[in-house]
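Join the two chains into one complex using the hints; note that each chain is given alone, in its own frame.
The primary structure of each chain is shown beneath.
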Amino acid sequence: MNVRELLKRILPDLAILLSGFLVAKWWGILFASVCVVIARFGTKALVANALCVLAAMVIAVLFEASLETGFAFVQHRPVANELGLLLIVAVIAIVVPRPEPGR
Amino acid sequence: MNQKMVAARLKIAAGPLLLVALSVFATVAFHRGIVVRDARFEHIAAPWQFLTRHLQIWDDSRGPGVPLQYFSPVMGSVQSFFAWIGLPVWLIGRLTLSIYLSVAGIGAWYLWRRIWPERSGWALLAGLLYAFNPYSVQAIMPSGLFLPVALLPWLVAFTYDGVRSASNGDVRRTLKFAAASALGVFSVGMLNTASLLFVLVPVALFGVFLIFEGSATWRGLLKFGVPSTILTALVSAPMLMVLALSSPAVSRNLRTTELPGTVAKTSSSFESWRGLGKWLTYFGWGQGAETPSASTYLTNPVVIVATFVALALAIIALGWNRTPLRRTWGLLLAGSVLVMIGAHSPAQSPIGDAFRWAFDSAAGAAAFRTTYKGGPIAVLAVAILATCGTMASLAWISNNVTNRKSRRVFTVAALVVVLGSFVVSVTPLLQGTRIGDQLSVAEIPSYWKDAFRWFESVPETDRVLALPASSQTNYQWGSVNDTLFDAYMRPMVLTASTIPSTTGELADATMAFDRLITDYQIDPVAVTPILRWLGVRWVLVQNDLDVLATGIPIDPLPELRTAPGLSLAAQFGRDINGYSMVDVYEVESPTPDASYSSGPPTIVSGGPDSLYPLAANGLLNSRPTTFLPDLSDDQAAGLIDQGAPVVVTDGSRRVASAVADGSRIATSPLMTANETSIRPVLVLDPKDTSTQSVAEFGDATSISANRSGYGVNSWSIDTTAAEAFDGDPATSWWVSTAVSPFEDSAVSVELKTPTFVDRVIVNQANFGTARITRAEVEVVGADGETSVTPLVFEGTMGGAFLGAEAKSIKVRITETNGVEGKFGFQEIQLLGQDGPLDLTQWIRVPTDVDRLGSSVTPLYAFARSESEPLSTFLRREFRVPVSSGYRFTANIAVPKEIDEATLDRSCRDWFTIDGVGSTARITSVDSHVGIAKLEGCTELLLNAGTHRVVALGTSTASFSAFGFNPSAAQKPIEVTPLDSQRISASKHQVSIPSDAGWLSMLLPAHPGWFMNAQGRTADVLLMNGEMGWSVAKGDAVTATITFRPQTTYRIAMAIAAMAVFVCILLLFWRRRERS
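So the sequence lines, in the order shown, correspond to chains V and E.
Each residue of the first sequence is one higher than the last, beginning at 1 in this note's numbering.
Each residue of the second sequence is one higher than the last, beginning at 1 in this note's numbering.
Heads up, a few of these hints could be off.
Computed far set for chain V versus chain E, every beta-carbon distance over 10 Å [what the hints assert, rightly or not]:
#1 K8
#2 R9
#3 E68
Covered stretches of chain V, going by a simulated chain E footprint (3 or more residues, C-beta under 8 Å) [stated by the list, open to error]:
#4 37-48
#5 52-66
If you're looking for bench data, these hints aren't it; they were derived computationally from the structure.
Note that the Cβ used here is the ideal one computed from N, Cα and C, for glycine as well.
Chain E extracted, bound-state conformation (with noise of 0.2 Å):
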């Protein structure tokens, strides 16, 4: 080679190497060795078990088991090869990030040098444009997200190639580029498939472009996109697989984060034009904003209009004749901008309207809800035409200036405008801004260390439950974006989370145990048996989460202190105050990987919240459950046949749920039957209000609050609304100051029918000094007609005259004395002509229970909820199928310090059946734990029909549970260990005794699952929220379970490993050369 040669070379190289030099700088020079909150943390620090994982479709490394979730062997390898290199976390993060930056520029280097190879000396600032913007600002992390966005300009590239050479009838150079394009797809793979299809789709339309250019055939087109789709599927076969799996688990996730409405909210279209409007630009909790080196796109005057410099520039070229595939760009940016700016203006823009009808319509539209996601394109074909504009506006300098002094300043000027926009737009990521908005730690603690090595002794089969949990983590020394146990700990951990490592049942299960436990005091009594019913065997406490950041209260678990079948393991770590940092418990007695019942599982009619409510009556034992509303009538007859026990419970209760602060699920009070969510959690059948616990009221359809500047503008997370009008002095509904202003916080009535309301008067809650100084009340008439009229308060009592027929009434703060603190209401009553409305909130327990016929004598086991943590009274409807006769149990919460001998054990009104008042006396107490058993002093008959009951609590003494049993005993059953091995993940061995019974296996419940038993026949039956299955009688048998998709997952893998290879060959395929 020629020394002419070498530098024609490395000035072809000065581009790319430029591009690489500025992602490194950009990343890697600012914050140096400390990690960077990205995406998946055990990414960057456990690449090797990440890249392993992808063996296995049936993934138990990262919790007790969930279908693959991700799906990048390409990454995975490159960041293994960092590790095995030795590169610390910090950096491999880091590294991952330029990579992607740098992939991205090139790429847009490399399609300009396609596009236009006569100006190849401009395709550096393409390739700059594409890779620092402040769409590329924004969308860097979490960086599994901007992956297809690096994808983007290759795929066009040989798109343009691929169907140019297609048309030109050149079959090797098409083929070439449509195994550069599978080869694309594959290397990204799937780490976000929203942002790939986003991707994917504007790729296809630059083909069809590319016709109506002039550029190609309709056949070339079809000859390139045929081979290129299919190279594309076969190198993807194994990524649909996990896609089509894992969509459950993503489709629960839809409901409860980035809901439309949210990401709509800010799309506005001037900030999609200069590819901002992602909604967590915007986005903070209080007065923080999620990405704080943000806030220079929206309060610089200089840099908002530096972002729109290159959308200028673009405008220019798409005037320009000169410019490449102009009307092909100028359509692609007009599109893309159109997406991205989705729902934002549906009353203004049909397009608009029409997205955000199929959002909330059209079924599996929701997953592209995230319209900034479709940027990409658009960003693309700014660069390409900025930088034809930049061309196009020398040129005319160059044309028409005629004195040489004038053209060079005005040459000059130009260039800095360019430059200066250029560098402005993206001072986040080259000051490190962006970079320090996501800092974590250089290190994790050494305690932590401590707890991982402590662990590494256990079985990697156990399951270890995290508490409290945290989507994204914040401790007091710092944040890894999720948590640190997918990456370090050796046992399946169990944790409550957004995007759930287990399925179904099991992982509402674990969210409503955590909520409960963390959020609310429980009787330390239930807490081992529904620990035991998780499959728990280790209970791991994180003491150093950050209050502030989480919102978790100090000490959240004391329950776990005292908790009978609980014991202290180990301790890591002390603060200042020798307060453990981490605890660990052990589970006596857990339950088996497998084990199998004499008799058949209780049913319950109810959901995964259930479990409170029974173990808190004694109903949570080694019996297996079975929920009712996944038995058929066939499979339910059928187990009440063989003697299954039924309990009815207040469980499944109707909520919403949003992520809230810390990333914790925050739930709102319970809903009535009527009222809609699109977030439904923890119910089994969101459809059908029969298999609900649901709130009633005497004369209204529902009572909710809204609070205002909320960001989530649905529901009062502070208190229930309700508790405004339930007559105990002990509740009120209320809102703080401390989380968002408080004016326009209100509290709404909506009456079944219009009534006659002749004044309003309420009561303020005393917090204080802290009062109320303005409300007024809202009406809305039978005729539609809004009326406002001012409460007048005297102290702490207020009054309104209205004489008013109402459909509606809404009682509005509109003012405070100004100190800081919570504000709200003690009771509201609306009196009517008769006396006062009865706006008494009933919780209606499940009905299911009718479908099993007047046969049935279930139990009943309710406890407080999470609507109703201070009450004094706790009300429920339950409905009875046939006359029996039971005893009322309950457990009451009394002070620790009680002297027993003080107690009072005598026959008490201690509830009301249908507004009798019934007597129970205390028959034990614990002392230990401050709980005191309540007994009926004598047997109900209670007919069949529906029943109120009210559990009539005192200041002293507060209920946690009761119920009814009935008065004929329950048969007992034998749950027996079986020998159980885990083979892999997605193959167990269990060995089956001959007789006919139940077999329940620590595996979470999934239709691929399937047991092979030899000849005995099995069926499935969901058990503890896990498989099971009841055995017929036959030979002792090692029965084989495996997951079956694994096998057809092996097959796309090699599929896919052959179509690689083939596109390798593709690629590197040359024509001989003459002789």
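Chain V extracted, bound-state conformation (with noise of 0.2 Å):
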């Protein structure tokens, strides 16, 4: 395999993992190696990915403080917010094109 096609075929890889270290520093980069293996597995199973990171978004939105009016919502769910920036990096992974989409 050449240089050309080695860079062809990591560059995606590398997008996901430079695109989860600035939305989402350590965890986003731990979160990027983790789309990337689930890449392998095809577009289908990144979608499951970043589908369970919606719910588990979602669950942590209904669960991770009480559900009152003012500022307190957004400032006392910090999972959630972890979850919804790792989900930017869920659907990056998705979208950023492949040489081989996967099986």
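Here it is in structure tokens:
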């Protein structure tokens, strides 16, 4: 495999890892690594991954703190916020073009 | 047309018609007959006036004058048409909202049909999801911000077709879509620039992404982008001028409202994903929320889940290979959500940190701090993708569920979930509660109509000062969102506002006077001179304001009733107690439109808030003033050579500000020179502290307080923290449970150097039975270590032994006895090795008089400030450039019922200078206004250098103003009115006599004004915060004063008109059919 092909192959993964770091720092890069692995299983797996993050985020929104009006609603939900950032990475992982979009 | 064709067309039109019907239903069906508090009231109440205002770029119809701030001739025309056919104000407002929603929905419907024409039946769902979703529910009002949202799908569709046509070499269609884009931007106009730019940027990105999707070529993008940009720029030419000229006023506003920190507080990632996160959704004063209908998005679990259903479908669509442009939509969605989140999580996200850095550091970036405006492209992406996701889900059911009955059940269930979540997500709009958030009134009270009718007979160039001011005025009968005056008042109305209708110093002076006279008691003698300085001829007092909503006290302006030179001209309406609802006062001998002084203006060291010290000390007479920070050294030297007096005041106070309760501007206590604020107000030069009055403490760099639970967590707006350290039993620092919880409210002292502090002794302020039961002292030592020591109370006295080197000390309230009321400390003492630390606040007045050299003998004029409303002792530090003889003068407020015969008129120690007692005596008393005049018994020799003066009031005689007059008398000048005429908003004429002199005009200062004095030399010199010129001797002439940008604006309008015409031609350019 020549360098050009290698680059073509790893560039999408690098883009996901970089976006993971830029969006959500260390948790982001960790999650991006997971996405890179999941990407090997194809787009459907990535979609399932994003839906799982979305579901986890919604659950966190509902249960992380009491449901009340005011600034407290957004300030007392660090897990939901983190998951929301990771969801951006998950979406980017779905749409980043790949030479071989998995099995 | 045959029946089939009609049916086909009706089928196509059914989607848009349904969107229009739903929009009209959502906005018109509920609370009929009542006006909603939307963007600018005058746009719906006086649309023709709004439309005609576009002709002049200097707008003096909404106030004394300011560059035009809004540009939207298309919407102005539509609203004028509604008014012309006789629709009532409430319906014009509602139809405006329904148009915006319909245009948004039909735009998404149209876009879908362009990108997936084979499945055009699904376009309706895309249109519904784009027009009706949590984002649009929250963003629809103020509607000026929503208009670009409505434009977005159209621009995306035109870009899609335009770039593809250009890539295929179809010039006609390329130009057609370029013209359509330009007309779209022109139609929206400039009601909110940031919203428009947040929409234009993703459209450009969409064009680029099309290339990566293989739908277009770079060449095609260029071929479409260039004509599109050129045409858009041409149709926007006047808009760009309006933007350039209004940006200084807008950027002033950026410093007080919607600060980046406040906006980012609520833009969390999970809220941004469902289109929420706009800070007003969560924000509210006290227990209430700004938009109560939004509570369903925060408290109802079913609604919360429903708002994420469309997103889930969108994610499914991202993995469906039939989704058109799925990568483009995915990237735009992710990018847009990142923008919406903005600076919410700087610690977790490097991009969030970059946003925060940009807002804090990059010039102009703060204009884009309201990152929720970046949401429309995310909403559009979700609408398109969720429609695809629904199709994908149904396709999956169809392909994978083999049992027919099960398939039907699954299909119905899927549709119920999609449509049900859609309905639940927009319940505030479909149930009318969102409209209910913004309800105003059916009709304004008749006494206001009478008042406006009365003002019809007043010349339209007269200035009316409206007091008390509030940007979003809450009356006892309702609110119209901003003010009534812009829509209904014929003369010019001057009023303090977050977006002032006048420029720089005049706006600041208005705000300073409004705050001072509304929130505090001032010397009535000072009122009329300040009104004359402002050019005011009438004062309109709004007595029907909602006391609870605005925080304005009942009867806040008693000074107007006793002020000399002010007479009651009219009253309108009566409440049940017989009190008038609207008062109108007339100013005697007001400042003429143009006047000519034989001598130079007074040079004032201070700022627009110096008017009160000047007037209270009798120094604000007919002679105009000019502020020292506005003058170059040469200008100042020239004026002094010609005999200009110099007055040093304690104005230009270094304070920060924020929009507070009732949309009034609240200001912080006086800050030290080292304290920085991103929201300075009323200082002419925010960077140069020598031009400002600042706080100083002997042993501390700053003393501040924070109020827990307060939305803007930067200072306590209740009282000044320094009042707990001034040794004055009349003052204290306190917080009230009425506004927010008291726990964690604290006073902080930052010491200049690490100092040994042995003990802290506190004395509670006496507010009835309310008592602090627990408090603690937090000490940050020289090594950075923090320790906390509880205060031990015995009665109202408390103490704590520290015995530590301290860098900073915080005294925090942790518990009270539960009584509702006020809690605080009258005195806090920090005892060191050598006794109490010196923490008394001195107000150091501006020292920029130093730059005038040692030949100047200034006057000194000080007055009680907002930072010391109850202080017995007023302390000032000032600099004297050259040793001179001075006489102390002062005004003290005395009880009106006092028997003059019992007054002690002997010489006694009324003040100290540099710590030495000095004598003064009462020379006269005006029992009508309750003011006694003091004069020093002997002349003082003040040596060159810094001096400290303390005015020693008593419990029955408090100083309102004091100062020092030099022994040498000032040379009087003659001020004569001149004939002048307003030709138009941007053109005035004035007859100038042959003598040399100083011309003052009632024209708010702006560098665009130019005077043609027919050959006579005239140099610009700002006077009374407005336009002025020093004019050389010559022939008597009629000078013309013009606002020069008006000529360019006319050209820009002509260009835009031609460009619009060309665009329309291009739009209807059809290829000739071959025979």
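Going through the hints against the structure:
1. No beta-carbon of chain E comes within 10 Å of the beta-carbon of K8 (chain V); the shortest separation is about 15 Å.
2. In this structure R9 (chain V) is separated from chain E by more than 10 Å, as the shortest Cβ-Cβ distance comes to about 18 Å.
3. Residue-level check failed: E68 (chain V) sits 6 Å from the nearest beta carbon of chain E, not beyond 10 Å.
4. As drawn, the region 37-48 of chain V meets chain E at 4 residues by the rule of a beta-carbon pair under 8 Å; at three or more, the given contact holds.
5. With 6 residues carrying a beta carbon less than 8 Å from a beta carbon of chain E, the region 52-66 of chain V meets the three-residue requirement, and the given coverage holds.
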